[in-house]
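Peer 1: Heads up: the sequence lines are chains A and B, in that order.
Each residue of the first sequence is one higher than the one before, counting from 1 in the numbering used here.
Each residue of the second sequence is one higher than the one before, counting from 1001 in the numbering used here.
These are calculated hints, taken from the structure and not from any lab test.
It is possible that part of the hints are untrue.
Part of the chain A face toward chain B, derived, beta carbon under 8 Å [stated by the list, open to error]:
#1 VAL28
#2 LEU96
#3 GLN99
#4 VAL103
#5 THR120
#6 GLY121
#7 GLY123
#8 GLU125
#9 THR169
#10 PHE173
#11 PRO175
Where chain A lies over chain B, by a calculated footprint (3+ residues, C-beta under 8 Å) [as the list claims (entries may be wrong)]:
#12 1044 to 1058
#13 1078 to 1085
#14 1125 to 1139
#15 1151 to 1164
Under the rule of at most 16 Å between Cα atoms (straight-line distance), these lysine to aspartate or glutamate pairs were calculated in the EDC-like manner [as the list claims (entries may be wrong)]:
#16 A/LYS6 to A/ASP210
#17 B/LYS1116 to A/GLU125
#18 A/LYS2 to A/ASP210
#19 A/LYS203 to A/GLU165
#20 A/LYS70 to A/GLU95
#21 B/LYS1116 to A/GLU95
The beta-carbon is built from N, C-alpha and C at its ideal position, and this holds for glycine as well.
Here is how the chains run, residue by residue.
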Amino acid sequence: MKQALKPAAAAELVPDGAVVMIGGFMGVGSPHRIIDALVARGARDLTVIANDTARPGHGIGKLVSAGAVKRLVTSHIGLNPETQAGMISGGIDVELVPQGTLVERIRAGGVGLGGVLTATGLGTEVEDGKQIVEVRGKRFLLEEPLHADVALICAQRADYLGNLEYSLTAHNFNPIMAMAADTVIAEAHVIVPLGVIPPDAVKTPGALVDHVLERAS
Amino acid sequence: MDAKHLIARRVARELEPGMLVNLGIGLPSLVATYVPAEMGIYFQAENGVIGLGARPPEGMEDPDLTDAGGGFVTAVPGAASIDSAMSFGLIRGGHLDVTVLGGLQVDMKGHLANWKVPGRMVPGMGGAMDLVSGARQVIVAMQHAARGSSKIVRECTLPLTAMRRVDVVVTELAVLHPREDGLHLSERAPGVSLDQILSATEADLIVPETLPEMALG
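Excised from the complex, chain A in its bound form (with noise of 0.2 Å):
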């Protein structure tokens, strides 16, 4: 059984200067009452692995506008304003990785490899500075597993034991950010008694996670 913990909390539990990987395609998905916690807490310095930042003022845009976030590793900003030009000014330490190359390099994290080989980003940009390692007359990028301090996730719906359970297209980097952090917080909608969500849909075992958020107010 998991205490459920209080988003500020939550928020203690991400010191600045902390790796943070979170969950979230444009906010969905995105656990929204941890990161309005972090930014009451005035979080600082904090290195953010996610997909992208949303918009200024929603989900992770909140944790941008508030100065949160001094690294970000990330596939897609095109969507904020403030983000690019903090990558522009410098203000934000910027790295962008292809989508599929991050939550990749996040699932090797956290299932265990040593790397990922992909030939996304041969010949470009990304491809600098990286080994290339040929495999069956194939060449291929080898891009390095990421970890974090803290995963922040979020579910559909979340049982006592932390088992849990995701929606439509608010699955995307959750369950995989689940694997690869040393504590991971989970947020969900809706909070159920064990047995109420059948084994077979439960995409992230309770197993992997530290606290549950206690239910929305």
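For chain A, the structure is supplied; the task is to place chain B on it using the hints.
Peer 2: Chain B in isolation, oriented as in the chain A frame:
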């Protein structure tokens, strides 16, 4: 018909029954408008759905169901929701029949640049590099020129999306097929002359003896 709808309508003719297709945001997303439901084509959105449907009625949106641009969508009967690792596994693993993307430049080698204008616009590559590397067929749907200058260039001056040669380029003036020996002009848009195409194009084109008009169906 305006340029974007002409392009979308012509691209739709490239699709065959039963295909799995990814449409980029913006112009490429218009292609779905011209694909009859009875063709049994399933559209994938890389944020995690196969079987993307039309926009839901106002006030009936599901906040957990969007396309890759963050716009609200529906899912058709037979749809499947997947996480980002599965989504890009499909793309990178050659299970996606067609990707339709927008472009900033395409050159005589068939190389595409569509993710960055250094110093001015840095949206990030999102899923574009994986899509161009991994899809079985790559279709570029874009206007022939931007700000008066040709987007069909001798050699891309913007950062490349991939080294892979794209298969088809559709603009409001022409259909082009990049091949080993260069850029073949295959069709002209209704009412457009060969001279108009050549004068609007920076790249050298390989021109057939007779140039058919685009069939729009």
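Peer 1: Does the closest beta carbon of chain B sit nearer than 8 Å to the beta carbon of A/VAL103?
Peer 2: 4 Å, holds
Peer 1: Between A/LYS203 and A/GLU165, is the straight-line Cα distance small enough, at 16 Å or below?
Peer 2: 6 Å, holds
Peer 1: Is A/LYS2 within 16 Å of A/ASP210, Cα to Cα?
Peer 2: 8 Å, holds
Peer 1: Do the numbers back the hint for A/GLN99, that is, is its least Cβ distance to chain B under 8 Å?
Peer 2: This hint holds: A/GLN99 lies near chain B, its Cβ roughly 4 Å from the closest one there, short of 8 Å.
Peer 1: Given the hinted pair B/LYS1116 and A/GLU125, is their Cα-Cα distance within 16 Å?
Peer 2: Holds, because 11 Å separates the two Cα atoms, which is no more than 16 Å.
Peer 1: Need the status of pair A/LYS70, A/GLU95: alpha-carbon distance at most 16 Å?
Peer 2: With a Cα-Cα distance of about 11 Å, the restraint between A/LYS70 and A/GLU95 holds, given a limit of 16 Å.
Peer 1: Is the interface hint satisfied for A/VAL28? The criterion is a beta-carbon contact with chain B at less than 8 Å.
Peer 2: 5 Å, holds
Peer 1: So, A/PRO175 near chain B? Judge it on the closest CB pair being under 8 Å.
Peer 2: 5 Å, holds
Peer 1: Would the hint linking B/LYS1116 and A/GLU95 be met if the CA-CA limit is 16 Å?
Peer 2: Holds: B/LYS1116 and A/GLU95 sit about 14 Å apart, inside 16 Å.
Peer 1: Using Cβ atoms only, decide whether A/THR120 comes closer than 8 Å to chain B, and label the hint accordingly.
Peer 2: 5 Å, holds
Peer 1: Verify the proposed pairing of A/LYS6 with A/ASP210, using a straight-line Cα cut of 16 Å.
Peer 2: The given pair, whose Cα atoms are some 14 Å apart, holds under the 16 Å limit.
Peer 1: Quick check on the hint: A/GLU125 CB to chain B CB, less than 8 Å?
Peer 2: It holds, given that the least Cβ distance between A/GLU125 and chain B is near 5 Å, below 8 Å.
When each numbered hint is compared with the structure, no violation occurs for any of them.
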